[in-house]
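K.L.:
Going left to right, the sequence shown walks through residues 1 to 65 as our numbering numbers them.
Do not rely on the hints blindly, as some may be mistaken.
[Said to hold, decoys possible] So the derived label-pair ranges between C-beta atoms look like this: (1) S22 <-> P45: 31 to 41 Å; (2) P45 <-> Q2: 31 to 41 Å; (3) E63 <-> A43: 18 to 28 Å.
Just so you know, the hints here were simulated from the structure itself, not pulled from any lab data. Here a beta-carbon is modelled for each residue, glycine too, at the ideal position from N, C-alpha and C.
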Amino acid sequence: MQAINFGFSDGDHLISSGTVSSSAELTAKLSELNAGIDSYNTAHPATPCNYRFTLKAGKLAIEQN
Numbered sequence: 001m002q003a004i005n006f007g008f009s010d011g012d013h014l015i016s017s018g019t020v021s022s023s024a025e026l027t028a029k030l031s032e033l034n035a036g037i038d039s040y041n042t043a044h045p046a047t048p049c050n051y052r053f054t055l056k057a058g059k060l061a062i063e064q065n
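Start from the sequences and build out the full structure, keeping to the hints where you can.
P.N.:
Rendered as structure tokens:
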């Protein structure tokens, strides 16, 4: 896998950023992103984020809850 630079933001706050060079590293960063979404949802139950990010068959999958 080629190195990928990334940054995930909610529009106001940077949730996670960095560089990954393997599927395992990307999966770990997506887990961090999902944990950030969970924290946001706990703090803002009236306006939850209904998306989850995963790696499926080597491709980024964005799923709506």
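K.L.:
Indicate, hint by hint, whether the structure satisfies it.
P.N.:
Hints and how they fare:
1. S22 <-> P45: 31 to 41 Å: holds, 35 Å
2. P45 <-> Q2: 31 to 41 Å: holds, 39 Å
3. E63 <-> A43: 18 to 28 Å: The hinted range 18 to 28 Å holds for E63 and A43, with Cβ atoms some 22 Å apart.
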